[in-house]
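Asker: Could you build the full structure based on these sequences and the hints that come with them?
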Amino acid sequence: MTTTKTRPALARRLLRRPSAVIAVAWLVTLTAASLGAPLIAAHGPLDQDLTQVLALPSAAHPLGTDSLGRDLLSRLLYGGQPALLAVAEALAVHLVVGAGLGLVAGYLGGWVDHLTTRIGDLLFALPAIVIVLVVLSVFPGNLHAAMVTFGVLGSPSMIRVLRSRTLGIRQEMYVAAARVSGLSDAQILRRHVLPRLTSTVIVQAALFSGVAVIIQAGLGFLGLGAQPPAPSWGGLVADASQVIDRDPWMLVPAGVPLVLTVIALMALGDAIRDTAVENWSVSKLAASGPVAPPPVAEEMAEETAGTSRAPDPDALLSVRDLTVEIGGVPVVQGVSFDVMPGETLGVVGESGCGKSVTALGVLGLVPGGGRVVRGRVVFDGVDLVGSPEGLARVRGSGIAYVSQDPMVGLDPTFTVMAQLAEAVRRHLGTTREQARERVLELLAMVGVPDPPSVARRHPHQLSGGLAQRVLIALALAGRPRLLIADEPTTALDVSVQKEILTLLHTLQRRTGIAVLIVTHDWGVVATLCHRSLVMYAGQVVEQADVEPMFVRPLHPYTAGLLAANPHQAVSGHPLVTIPGAVPPPRDWPVGCRFAARCPHAADDCRAAPVALVQPEQARLTRCLHFEELVDEGVRR
Amino acid sequence: MTARPLLEVDGLTVEYGQGRAPSLRAVDGVSFDVRPGETVGLVGESGSGKSTIARAVLGLTPVHSGEIRFDGADITRANRGLRRTLSARLQMVFQDPYSSLNPARTIGQTLAEPLLVHHRLRPAQVDARVAAMLERVGLPAQAAERYPAQFSGGQRQRVAIARALMTSAELVVCDEPVSALDLSIQAQTLNLLSELQRELSLSYLFIAHDLPVVRYLSHRVVVLYHGAVMETGPVELVYERPAHPYTRALLAAVPDPDPRVRSGRHDAPVAAAQAAPRSSAVGCPFAPRCAHAVELCRTERPPLLPLRGDGVAGGAAVACHRAEELISTGNDVASGTVAAGLPKDIQMEET
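Chains as they are written, first to last, in my numbering: chain A, 1313 to 1948; chain B, 3 to 353.
A few of these clues could be false.
[Said to hold, decoys possible] Counterexamples of contact, computed for chain A against chain B with all Cβ distances above 12 Å:
hint : residue
1    : A1321
2    : A1323
3    : L1448
4    : S1553
5    : I1556
6    : G1640
7    : G1664
8    : D1723
9    : S1807
10   : A1913
[To be verified] Pair by pair, the computed Cβ-Cβ distance ranges are:
hint : chain 1 : residue 1 : chain 2 : residue 2 : range
11   : B       : P308      : A       : H1770     : 44 to 50 Å
12   : B       : E137      : A       : G1698     : 48 to 54 Å
13   : A       : M1719     : B       : D35       : 53 to 59 Å
By construction, these hints were calculated from the structure, which means they are not laboratory data. Glycine is no exception: its CB is placed at the ideal position from the N, C-alpha and C atoms.
Answerer: The following block contains the structure:
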């Protein structure tokens, strides 16, 4: 992360890339050499030396000579000038017409867009090379006219790409915000739209200039550009092709500069693009920073009390010392808990605390290429860690999963019936007919009104609440004994949320299924859960039955989170807050991870990792000073 | 408070149309006002038209009919020039702090934008102003050099608040400003908003679906359903004695964070309340979901009238034919049955 006052200029940052250095070096050398041709070349481009016809490179002729004994280096350099100029002309026209019209069409929309798009389509339909040849027949030998025409004819691709990108950017909220700030259209285009288009424009321009190099060479090859005997790159290739049987070497000085120039343009385009966006692109930021894992506190091996080291044989799910790493960085460390049959356990915390990763870790489905590196997940007596067969057996039929966004959880291309029937047949191995019946049963069970009609629909025809019910029905298809629900109500409206909570509660009463629910909403915990564990920065910081936890939290983080709930707030009084924010996994401290935000933190908190302790029956807290909290609670 | 309203919205109707398809009425005859220094909360579920109202006030969406006045002047169809002038006083904080800041612009560049429009300041003055505002919202001044990707959601929302306050804003429209934030960050942001309101005597039009959040910050509240006002009044009155069955259902649906209450833990009917058909032109929009609906509710749209019980100025107003008789039945009886009640006469909408 660069926080320095002066960021180095684009050019200097660009030259930190080796590919850019090589590309720039080639292009600069070529340009300088072409401009300085009279100084560099020992011979004039038209000087003939008939004693040295089709010579190989020598001291007098570094690149050899052609069929009339003319120096190839000299012809190459003198020919470079019109070639580079031609490419520059075409590119300039291409950028002005293509980028200008693309931006305007995308941003203004309406009839401007319509007209521009139609004109673009028309240009697309024209065979560019034929038109260029026509132009050349009207203006014989005028390469400028030809390249300007080519720039215009090549612009529709740029118009198209920029238009669609601009259409998207126009809908972005920061454009609305800029409009609210009173910025004019021109200001919005320059400040908000153009910076987002930089990379697209550069890539398009690099591609186009590569093509322009080839086209101008092609025109030279056909003898339509500079008229012989004037030197041109295309003409060199043409000359070489005529003597290819006698002097194959000549193709090298004629062709290689062309190829190198095209490659250099592409490489430079890529490098400029990467450099221009490296400051703000998220992936770049994520990749920077320390790659090595941060100092990881040695997890307390003694594990004083409470959750014993061995999995609980009575529990349905017994997780011990679960540690999950994503990209080599631990994001969940030493998490242990049990879920009893028929119990609802809530996992509470803010984003970035590892709640969801813990839930997915149980199923062996850690996102982002993460993996469970340590610990045991014992479900119904079988350890699932490192046992793909065990996981495959358990997923769906032992443990089911309900995700936060119901629309993401359902496949948009299949009907509800198809998706549910597939799950039913997979898990229960029934016939088609039986599966259909079971699907309707399941839909009725989750309170879907008129199951046959809902079963025929596709997911996009369902409301959010209905989709979440279908997802729950899908989860229940394999008659699981544990349901893992990751923020199942967060994306829903409040009245629908209540319906889903009631449904989960009712299902649990009727089927005896155990539920592990991940949530940040204390209301959900209070409504649904028997016990709850609070996670902070990848660790369990408190675990208790729900009522005692709400009434008398024993960890300052739990207390802070409970107090921060606006539900308890009194208008006019500031809300109780926890200062600061959850540290990212790379910045976890050695000592108590909450110390930086904790009103009770002392030196001993920061010194060493804090162990979970059992202050009383069925309660755990990872706090050295929980007594202070208890005293405080009594005073309140 | 009898001061002249800063913002008056009068019979606002917004329709979205797509080509020849029948237009969708997102906001239907909504009226309310915001007085200086006051926070008015707009609550309702998704599709209730809250955000559309905000966009209409800011001129980001065309108005079908009705009038919006700011400080007495009609701004319903204000042109770009008037909007530019207006933007110094009327500002907005958007819902999603991730997409409301341009990732390609530094925080400093973003914050300087409102100043470009309204003040001719030298670069040094702009920098000083940006630094001062960053500090005011609790961010280090060096944040100006960085890009949004380097900040957390809570920090970005602070930046968005700072942007709204760069010029001397009087009314800030806050569209779900804390719904994307974590609990502890949400509380920090709400505190910041109320501190700033006191310091700068700001008015807020505060839009949220989270009822406790609206209650905490608002003085008055407007309850919306399907684009129409169901109930409006002082926040304490509406929350403590909701008169409209929809308000009651909404309030009853909020899960109580007290395990001793366990409000949702009854074996209630598991049927889903159907997404009601888009309200008919006649009748109460909530009638299809209302447990108290009678024939009158389906044939005649109830007007928004002050409750007779407390007919004093500044009391609550309700759009319900049966408000008077329902309020006497007490809130507890009504609340439970509404949210999950599935009216028998509603057929599934086939799409």
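Asker: The structure should be examined with respect to each hint, and the outcome stated for every one.
Answerer: Here's how the hints hold up against the structure:
no.: 1; hint: A1321; in the structure: holds (15 Å)
no.: 2; hint: A1323; in the structure: holds (18 Å)
no.: 3; hint: L1448; in the structure: holds (42 Å)
no.: 4; hint: S1553; in the structure: holds (47 Å)
no.: 5; hint: I1556; in the structure: holds (50 Å)
no.: 6; hint: G1640; in the structure: holds (21 Å)
no.: 7; hint: G1664; in the structure: violated (8 Å)
no.: 8; hint: D1723; in the structure: holds (18 Å)
no.: 9; hint: S1807; in the structure: violated (4 Å)
no.: 10; hint: A1913; in the structure: holds (16 Å)
no.: 11; hint: B:P308 / A:H1770: 44 to 50 Å; in the structure: holds (46 Å)
no.: 12; hint: B:E137 / A:G1698: 48 to 54 Å; in the structure: holds (52 Å)
no.: 13; hint: A:M1719 / B:D35: 53 to 59 Å; in the structure: violated (37 Å)
In this structure, the hints that do not hold are numbers 7, 9, 13, in rising order.
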